[in-house]
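So the sequence lines, in the order shown, correspond to chains A and B.
Its first residue numbered 736, the first sequence is counted upward by one per residue in this note's numbering.
Its first residue numbered 137, the second sequence is counted upward by one per residue in this note's numbering.
No lab work stands behind these hints, which were simulated from the structure alone.
It is possible that some hints are incorrect.
Below, computed lysine-lysine pairings styled on DSS-like, alpha-carbon distance capped at 25 Å [what the hints assert, rightly or not]: (1) B:Lys344 with A:Lys1075; (2) B:Lys375 with B:Lys247; (3) B:Lys344 with B:Lys251; (4) A:Lys1052 with A:Lys1006; (5) A:Lys819 with B:Lys344; (6) B:Lys192 with A:Lys1071; (7) A:Lys1006 with B:Lys303; (8) A:Lys1075 with A:Lys1104; (9) A:Lys1082 with B:Lys171; (10) B:Lys192 with B:Lys344; (11) B:Lys303 with B:Lys198; (12) A:Lys1116 with A:Lys1071; (13) A:Lys855 with A:Lys819; (14) A:Lys855 with A:Lys779; (15) A:Lys1006 with B:Lys198; (16) B:Lys192 with B:Lys171; (17) A:Lys1071 with A:Lys1104; (18) A:Lys936 with A:Lys819; (19) B:Lys221 with B:Lys198; (20) B:Lys247 with A:Lys1075; (21) A:Lys1104 with A:Lys1082.
A short list of chain B residues far from chain A (calculated; beta carbon distances all over 12 Å) [said to hold, decoys possible]: (22) Leu189; (23) Ala217; (24) Asp220; (25) Asp225; (26) Arg241; (27) Pro255; (28) Glu321; (29) Thr332.
Positions of the beta carbon are idealized from the N, C-alpha and C atoms, including for glycine.
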Amino acid sequence: MNTNTQLLRFITAGSVDDGKSTLIGRLLHDSKSIFEDQFSAIAKTSEKRGMAAVDLSLLTDGLQAEREQGITIDVAYRYFATPKRKFIIGDTPGHEQYTRNMVTAASTANLAIILIDARKGVLTQTKRHSYLASLLNVPHVVLAVNKMDMVDYSQARFEEIVNEYKAFAAQLDLHDVHCIPLSALNGDMVVDRGENLDWYKGPALLEFLEEVVIDRDVNTSDFRFPVQWVCRPQTNEYHDFRGFAGRIEAGEVSLGDEITILPSGRTSRVKEIVTYDGNLATAFAPQSVTLRLADEIDISRGDMLVKSSAHAPRVEKEFEATLCWLSESPLDKGRKYLVKHTTRTAKCLFSRLDYRVDVNTLEQHAVEKLNMNDIARVALKIQQPLVFDSYDIDRATGSFIVIDEASNNTVAAGMIS
Amino acid sequence: MKLVEHNMSKHTFTHLDALESESIHIMREVAAECKNPALLFSGGKDSIVMLRLAEKAFRPAKFPFPLVHIDTEHNFPEVIACRDKLASDLGERLIVRSLEDSIKRGSIVIKDESKPRNPYQSVTLLETIEEFGFDACLGGARRDEEKARAKERIFSFRDEFGQWDPKNQRPELWDTYNTRVNPGENIRVFPISNWTETDIWEYIGREKLHIPDIYFAHEREVIRRGDNVIPVSHLVQPKPGEKVEVVSVRFRTVGDMTCTAPVESTARTVDEIIAETASTRITERGATRMDDQTSDASMELRKKEGYF
């Protein structure tokens, strides 16, 4: 039994025309992650639609509600595994609601595969996908230059595209970009290397997904522990037990460490790190644990525990953020909304809308209101202080969602600058 | 107190560790933000994993919610025995509501006793939610089971009628979950959304969880109908001309006795099941749930009616 494998979450960005569904189908098929009943269902549909070969893109085809109305529901999650890793694919359809969908899927991804059609090269949508990957701070990017079979597997064409892309990507905050030529249709350089791309010496796509180092994706230096739930058994055996349950969002903590509770600023020491499997000497992100402190201090959900010695987070009621508006009803600047940030929810208002970013050109435009899929720079005022880091340092403590109190809908996603 | 040595260095946080921590985080969000949650518990393997995750999330305290079972009374007796034993071993409150209650009330009318009762489960579930005023129900559904589930959120909003509206789901970003509902509405929460069938078995092995015996290979009287192997029970008897065979089988899922088909297997341990699962070529529901084979969209339709 091999349970010593890591989990990698990735998204695929590109339209049907780029062969995105075919690429996912190819990954699942060649890694033997498609089951016979799934395969026979799509074989039947392919035949019904008069196709000569089994259309692997049907594997990601959706629900009856989608077929009836010709729409595609935002994000579908798919799973496959190799002996080296487990994978979760966040699959988003590429249509006009793309920004909202890609932002959603990218928020939890370790890696983004950005697809390019080798015939077409770097397009507006390539730039949009790359901008969103950098905005959401996705740690790794694979530029998959697909349909190499349509350009005679030309090394010169591949290098031309790579150079053009790198020139563009230099403006963005992308940390780790890797370029792979492939043909999803023929299966070259996806799971198997194939025989057509011998000039390419790097890893095939799946090999790269299996090998890319993701341990450092989590902020390991500054301990951040938003308190989720206070554990008070109130039984005879655990009469005085008071533990603070939560997930370590960044860094690590050890017994005896001096802890500062924010926003109050009071301090104490770690007395016990409790888990169901026994107490620990040290715990690290992203473990879920229960901490007990040496002193009786009033701590509740929404408070954040940090190491006193570490770089301190900001504790403020006003900050600037990049906002992605997700709701069909536009932002109403006169209204108050709710912000949910880590485990704290508070009222907020938008004190300034600075500018909107055109995701295709990266140009900034003046803005009066925000519509669905808009990305904008804004300033917020919160009813009570939040304890946060900037999003580029820590995705967990630098992100928030905005909830409309009237509809209870999630209407926006924010990244604190 | 003795300290547990870390069995994982910083660089080997395994997929099971990651999935477990995510599930614990989700359960604690429910406990902290929902007023009156419940955990739907059937005695099947996924819900047994859910109980272990709840122990990890909340011990040494009691669970901040009761366990609720919607009993079709078409369940395998081994599963019901396991359900009762687990609830009592854990010392947690178990609420059982039966389809029979809804039948007596007249809200369910059964036309054919030998037909699966899954379609009716939603009725009793919704009645139970109303009876206790639950605003959140934790369920052990997984996204790899079925394509409707693959598109469902971890926190899945349901209106007063328990309906799932696939086109109108709340965006779900990072691990920041929106748990808000109005009175009468309800959230279904799926903490093991991202687990696969293999993950579940690996976790059962790692945690040494006790599961009903019928998950392991055993000799059983079955009849063959089409491609399906159907267990003989008081609900399913051979029709004229059908032959009863004794075959070594195990169940991959343990739902309604009339529509849960076992697979032929000799796997008698968790490790043997993991090996078989790794090499199987049929999805869990495809192999075992005849009610999901009737139409391409059966699960989607059931969920729209309030199924979990």
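Does the alpha-carbon distance linking Lys855 of chain A and Lys819 of chain A stay inside the 25 Å limit? 34 Å, violated
Would the hint linking Lys819 of chain A and Lys344 of chain B be met if the CA-CA limit is 25 Å? 24 Å, holds
Non-interface claim for Glu321 of chain B versus chain A (Cβ beyond 12 Å): Given a closest Cβ separation of 8 Å, the condition is violated.
Pair hint Lys1104 of chain A and Lys1082 of chain A, alpha-carbon separation not exceeding 25 Å: Distance of about 20 Å is within 25 Å: holds.
Are the Cα positions of Lys303 of chain B and Lys198 of chain B separated by 25 Å at most? 37 Å, violated
Restraint check for Lys936 of chain A with Lys819 of chain A, where alpha carbons must lie at most 25 Å apart: Since the Cα atoms of Lys936 of chain A and Lys819 of chain A sit roughly 21 Å apart, the hinted pair holds (cutoff 25 Å).
Given the hint that Lys1052 of chain A pairs with Lys1006 of chain A, test it: the Cα-Cα distance must not exceed 25 Å. 31 Å, violated
When you check the alpha-carbon spacing of Lys855 of chain A and Lys779 of chain A, does it fall within 25 Å? The given pair, whose Cα atoms are some 32 Å apart, is violated under the 25 Å limit.
Satisfaction of hint between Lys171 of chain B and Lys192 of chain B, Cα-Cα up to 25 Å: It holds: about 21 Å lies between the C-alpha atoms, which stays within 25 Å.
Is Lys1071 of chain A close enough to Lys1104 of chain A, meaning Cα to Cα at most 25 Å? 15 Å, holds
Verify that the Cβ of Ala217 of chain B lies farther than 12 Å from every Cβ atom of chain A, and report whether the claim holds or is violated. 25 Å, holds
Just checking, Pro255 of chain B versus chain A, shortest CB gap more than 12 Å? 16 Å, holds
Of the hints listed earlier, those the structure fails to meet are numbers 1, 3, 4, 6, 7, 11, 13, 14, 20, 22, 28 and 29, in rising order.
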